[in-house]
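There are 2 protein chains.
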Amino acid sequence: MSTFEKMWNLGKRIAHFEAILRLIEWDQETYMPKGAAASRADQIELLASTIHKEKTDPKFVEGIEKLDLNKLEAWQKAAVREWKEDIRKAKALPNDFVKAFAKLTSESMIVWQEARKEANFKKFAPMLKKVVALSREKAEFLGYEDSPYDALMDLYEPGMKVKEIDPLFKDLGSALSKLLEKIPPADNRCLNQKVAVDKQIAFGNKLLKAIGYEMDHGRLDISTHPFSTAMHPTDSRITTRITEHSYFDSISAVMHEAGHGLYEMQLNPDYFGTPIGEACSLGIHESQSRTWETFIGQSRPFWQHFFPLLHKSYKLEKTDFDTFYAAINCVKPTFIRVEADEVTYCLHVILRYQIEKDLIEGKMEVSDIPERWNSFMEKLLGIIPPTDKEGCLQDIHWSMGAIGYFPTYALGTVYAAQFFEAFAKDFPDWEKRVSHGELLFIRDWQKEKIHRFGRTFSSADLVKKVTGQKLSTTPYLNYLERKYATSLV
Amino acid sequence: MSTFEKMWNLGKRIAHFEAILRLIEWDQETYMPKGAAASRADQIELLASTIHKEKTDPKFVEGIEKLDLNKLEAWQKAAVREWKEDIRKAKALPNDFVKAFAKLTSESMIVWQEARKEANFKKFAPMLKKVVALSREKAEFLGYEDSPYDALMDLYEPGMKVKEIDPLFKDLGSALSKLLEKIPPADNRCLNQKVAVDKQIAFGNKLLKAIGYEMDHGRLDISTHPFSTAMHPTDSRITTRITEHSYFDSISAVMHEAGHGLYEMQLNPDYFGTPIGEACSLGIHESQSRTWETFIGQSRPFWQHFFPLLHKSYKLEKTDFDTFYAAINCVKPTFIRVEADEVTYCLHVILRYQIEKDLIEGKMEVSDIPERWNSFMEKLLGIIPPTDKEGCLQDIHWSMGAIGYFPTYALGTVYAAQFFEAFAKDFPDWEKRVSHGELLFIRDWQKEKIHRFGRTFSSADLVKKVTGQKLSTTPYLNYLERKYATSLV
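Here the protein sequences come in this chain order: A and B.
First residue of the first sequence? That's 1 in this note's numbering, and the numbers climb one at a time after it.
First residue of the second sequence? That's 1 in this note's numbering, and the numbers climb one at a time after it.
Hints are computed from structural coordinates only; laboratory data are not their basis.
Some hints could be false.
Where chains are identical, the list cannot tell them apart; a pair therefore holds if satisfied intra-copy or between any two copies.
To be verified - Restricting the straight-line Cα-Cα distance to at most 27 angstroms, the calculated cross-link-like pairs of lysine-lysine (DSS-like) are:
1. 66 - 84
2. 117 - 6
3. 53 - 6
4. 103 - 6
5. 182 - 99
6. 99 - 53
7. 315 - 199
8. 130 - 6
9. 432 - 122
10. 55 - 99
11. 464 - 130
12. 464 - 449
13. 363 - 465
14. 389 - 99
Computed from a predicted model, the values in this text were never measured in an experiment.
Kindly produce the complete structure, drawing on both the sequences and the hints.
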């Protein structure tokens, strides 16, 4: 057995332990009896520490170091490059720090939940201060050139830097704000019709089948918050949230999570246990979910095919195609990020990015968050949240120590638009095909262009390779302009 | 931290890994996408080898050896005694043997499935020969005094010996055969009525709630074969099999598995991670399931309360109470063990015991199984299976290397009768209370007398402690005589 193969076997052990961890977390959110939370927490802690130990095991670390790159194939070289990066990150954080961070954030999530319920930011602030302090320490351990925020963002979107995002988000923010003014008000009240849970799940499964999400390698369940998770390309699961009186919520969730699910399903199983069998970055992952949720799932041709089926199955009242299409594409400033439309969504993300970057760079205090949040909201969206519950307490991310994560949501949308432009060039008749219910060619294009490469390329290189362009907001803004400021007017 | 506490922490690690293994096996039988089987097999192998490594880790083994019993409390002494026994068994089998056995049985299960489908014993025979040979080797590794079969049975029913079971089963077999002749033929065709899956599940959940199976610490799902599994006393799950056209199958399964589930739910969580937090033996476990399935779940008072609810919910046709009660207690020789009634069930088990014991003791050849099986069936039950599919190929146990397991099924029933006699002495009015739908006192009695002790006592000592008697078939035979040869005539 070659050294590479030996390392691969160790990599497979790690990958299987990670898969098992994800499965028991999936169970926790779907079927676990609610009284089992304490024992589940112990199981999760045991697996997490086992994984960290295997990842930093000298046998693995030194074996990877010793590999002679000249003797390896191209994909193996890429795998080793990524393994080294993973090891660098895992080893940068001392064990005691990892434990302290995990302990703090598990406590902080509980305090955040209470604070949010009470709309009481002051209750959460002391915890958040500690999370920010430890996150700054984390950045120091990880190392960076320009901004400590780069070190954190790198955990979610490898290689992305403040100096690249700053101008990108600045342009994007002002363009979106301007665009927003041009869009006429819309009405989405027709979506508030009661549809039974089993009907909604059945329609979700119908959509999944149509887009080529293989039910032999995945499944759809219900959870409080929709999510996707994968144990292996042959076991990529998604969940949805059912709101009985607002039937489009679950359709959006299914399409979004299916985009994530398809990515994991179409990774190359032959590379399982190496980074080449893993998704490129969270931003690229998000681009796949946004593609299905919005570029396809809120498009006219898609609903030209599916609306009659939906109308019949859900027995919709007072809803013709145009009313429906306008409703699902209703643009309107709102307080909650996860409910935001295609135009305002990125503004919510930019707001969070500005705040968390300034916190990590030491340019603002935790106590200033509510005021900063509200003035930003007013500036970007023209509205001010009634309480911090609908404002700066709405997201779980900061409480769980995931600072640096938010930008991937906006990047995902920007990447998605770039990819979609390339896709539309490859298939100029895509709208016609989709309007006939033909969808598998989209999935196949994604596999060919994006999924099968795993982490072979950085997200920047992947975008360049697929689109011929570097990261740019132009395709996204063009898409929005065309869809909202031209067609809908 | 005392050495005992240190060992307990290692024991908790092992117990959590075992819990995680059981959870992913539960998922495999309930919700796993069918295309994920190969990756799941890898995950299971990884966890199984991790558990074996932790159980035989010198730190654990030597730590347990070094413990000063004089400094321990009574329950700790019992824990150490059982830990030592577990370690003895784990260390007796060389690693290479464990791997070879696992490999052989995973292949053998596949061959058995095909052979059963084709009713072709000759196809399975070569594999079974190997399983028998390795099982005999296993017995040599484990060690024994009289019969190599003792060493195998000890894995499932610690301390049980051929010299004790041989006379017990001999008497039991002839008594049951004689009793069978006295029982008039019955008719159970009224149970063949179509009831929708969701109705059957709803009624199952109603029964679970009534007997005190806590839904916050358990759940009911559907699988091909009903089973129960527990990750912790707070997470004890069961499944049922739904036969749409034979509605009592699922009721039986739910009551049976609930008996197992309650045992795990009522183990003392304070001892989790030690043998005192584990069930006593498979035979004692089976006694708890048989109690709920038959002694309660096929009793007149139980259905006096539940029959009106069942009748209404299932919209039963042409079924009055007496027809129903006679049908669920219909005694009739049949080919399939898992479908057998209270009287013939143990005869099926005795047949298997005789054959596997003779195989392990070298007194018969694998090739002679079909003839031996059929002549036994004719002698015990007066019927001969049309093919080996309904005969010696029906059970999975031999293919998976679980030789020595079968006796626990009959022992479970015998223990159950002994326990139930003791219970009835404690509650002379149990029939009246049950007929009013009062059931929690049964569960509480089981907890007090059996569940909370875990492995503190051997099964023999536990039976003695609870009933004041040693293992005996008298209570069982008295119960059957009273129920079938007197009341029903």
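Hint check results:
no., hint, verdict
1, 66 - 84, "within (11 angstroms within a copy, 43 angstroms between copies)"
2, 117 - 6, "neither (50 angstroms within a copy, 40 angstroms between copies)"
3, 53 - 6, "both (17 angstroms within a copy, 20 angstroms between copies)"
4, 103 - 6, "between (34 angstroms within a copy, 22 angstroms between copies)"
5, 182 - 99, "neither (50 angstroms within a copy, 69 angstroms between copies)"
6, 99 - 53, "both (13 angstroms within a copy, 25 angstroms between copies)"
7, 315 - 199, "both (10 angstroms within a copy, 25 angstroms between copies)"
8, 130 - 6, "neither (41 angstroms within a copy, 32 angstroms between copies)"
9, 432 - 122, "neither (54 angstroms within a copy, 59 angstroms between copies)"
10, 55 - 99, "both (16 angstroms within a copy, 26 angstroms between copies)"
11, 464 - 130, "neither (39 angstroms within a copy, 59 angstroms between copies)"
12, 464 - 449, "within (11 angstroms within a copy, 71 angstroms between copies)"
13, 363 - 465, "neither (37 angstroms within a copy, 71 angstroms between copies)"
14, 389 - 99, "neither (30 angstroms within a copy, 56 angstroms between copies)"
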